[in-house]
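Enquirer: Single-letter residue listing:
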Amino acid sequence: MAEKKMVNLTIEGRPVSVPDGTTILEAAKTAGILIPHYCYHPGLPIAGVCRMCLVEVEKAPKLAPSCATTVTEGQVVHVYSEKSLDARKGVLEMLLINHPLDCPICDQSGECELQDYTYQEGREDSRYREPKRFNPAEDFGGDVIYVPNRCILCTRCVRFMEDVAHEPTLNVSERGDRALIGKFEGRDMTHPWAANVIDLCPVGALLSKDFLNKARAWELDRASSICPNCTQGCNVIMETRENQIVRMRPRPNEEVNSFFMCDWGRLNYRWMNERNRVELPMVRRGDVFAPTTWEAAITAAARALNGKKVFVAASPMLSNEALFLLTQVMQGGTGAFRVTEGEEAPLAGVDDLALRRERAANVYGAEALGFTKTKDLLGGLKQGDVLVIAGEDLVGIDAGALTRASDIVVISSVLPEVTKSASVVLPIANFSEEEGTVTNLRGRVQRFTQARQAPGETRPSWLVLGDLLGALGKQSNFFLPSDVFARLAATNKSFAGLSYDTLGFKGLPLADAPKTAPKAPVAAGAA
Amino acid sequence: MAIKVRVVERPVEDVSYIRATLRGMALTAKHLFDVNGRVTTQYPDEKSPISPRWRGTHRMLTTETGKAKCVACGLCPTVCPANCIKLVPGEDEEGNRYPLVFEIDEFRCIFCGYCQEVCPEEAIHVGRHYENSEYSREGFVYDLQRLMDQSHPVCEMWDPEDPKGE
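These protein sequence lines map, in sequence, to chains A and B.
So the first sequence is numbered by this note's numbering: it starts at 1 and just counts up by one.
So the second sequence is numbered by this note's numbering: it starts at 1 and just counts up by one.
A hint or two may mislead.
Unchecked claim - Straight-line C-alpha distance at most 20 Å; calculated EDC-like pairs for lysine to aspartate or glutamate: (1) A:LYS214 to B:GLU91; (2) B:LYS86 to A:GLU343; (3) B:LYS67 to A:ASP102; (4) B:LYS69 to A:ASP102; (5) A:LYS214 to B:ASP92; (6) A:LYS209 to B:GLU94; (7) A:LYS214 to B:ASP14; (8) B:LYS86 to A:ASP221; (9) A:LYS209 to B:GLU93; (10) A:LYS209 to B:ASP92; (11) B:LYS86 to A:ASP199; (12) A:LYS214 to B:GLU103; (13) A:LYS214 to B:GLU94; (14) A:LYS209 to B:GLU91.
Keep in mind that the hints were calculated from the coordinates and are not lab data.
Using the sequences provided together with the hints, build the complete structure.
Expert: Following this line, the structure appears as structure tokens:
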């Protein structure tokens, strides 16, 4: 495909050069101007129904909706001219006629676009004195609840279900000022990707039942992360309140998840808040585990491993850094992991985006680093090997197989039920409590950051394993997870050339990543 | 070396204590015979009036049905400069948002009255009340029920029509 012709125009006095076919709204973004909008969303087809993005274009007879007007050569656009501000103020006044002023009890409050734009450009008060329209809240099924009073009928949700999920569920029912979002007969929001409408909704009309009344938007701490619940590796924001994850939201990444994430991944965050954690390093004294210092525990673990054949039962939730250091600790031994499986649930409107069958973050990273995927986790454990259990919970594993091990070292955040015979327990942080990278099913290496504080004396896995390597007499001077990753990139051909700096927060594919179908932008330009 | 001290000679009427003592006794005697009216307030039997804008310990107002007016919007813990309000929002039987936990630590409170000013439901108020005693520090962490049980008048804050209180 030939390079697209560039078009030059002026927006608010700033010269802008964008490819032909770009909308004024997107062009303004490149100039650092966000034109207020409700119905427009880059992941959805353009509707042009909210009239919020009206701007003045010189030599045009009337104001133009910037989301649906493409740029032309030499155009001069005024976003904040008197005429366009006046028009948008009028639109806001109309939207607020029936919008209740219940911000104090609305979950969207603080991240509501109606609040934001009214504050920026709206009237100070309403001229409307008649009673407001009232409709009761409705359970839409799935995780979605609909509060019609707050709805501004931007139809983002309708378009998402129809054009992205390809399962028409929602519609605009009734006419005129009675219009509201309704469900088609016999349909509800149980589609595995339906909860995306909650993020898409610019106001508090579509709310998550899970998050309802849990926290206010301004109380949340946010961390860029990766959804750890399947191999797709959707980019997410983990939001915490008082050190507990209360919500996960998608973070846009055109290469992986566009603007979306599935309901299963979204709601499956409670395991990261678990309280049944190992919080102190422990060594076995007789029949009990005795808490000890980190130095003593690392020394004990090194003594158990030194010069022995090691078998590692790893968890595919561990980061590339932890798995790489495990391969170093192995000293010529082998490693295996197992992965829980579920049903695949694709999102029809986006290429190569699905809730994957394999429900763990780093299955492909583990394979790239030489761990074997197996159903029989301890099958490779030979008589007399030292077993290292790394992050694996051993649920459903026959305790009898463990007797083949001459010694057991547990490096985990939760103490597995069946390992009463371990000699050392090293507590590590879980996925939400440390920094690292994971590799998704297309071989894309993506960074995740720490969202919560780790409990007790728990340390990040890369730090524990680095210390263990040092105690085994190997080179180990890792001060940051990026140091571990740099070593990984220097020693592993697939990871060559990658570093935390080049990865950024959108990730990069491995050198030998499996080829994927190129991503077509979602229904862009379709009307 | 010895320190040289210069002794200043002053007139005797300046250094005599007799004059000062008599002056003091005269003031005492004046109050003794109640020349200017009584000055002492017989607290606690008698209380001095306090300003309608006095900001004392809190009170939570209730609806006609006896429920707290609070909708757990979270503005008061956000605005509180002393960070003394603990709020955990939840849902009641009717699905309305209400506070599961609402606690104010009156020891940490600096009685600025921001909570009353920010409250969109006019639920939390600082009260015209200043006599508090407890047997333990914990007793000064007022929970929702205790805040609702308070009955003292509340602070009138400022009147937007008359911001200077004239």
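Enquirer: Hint compliance check: list the failing hint numbers for this structure, sorted ascending.
Expert: Failing hints, ascending: 2, 7 and 11.
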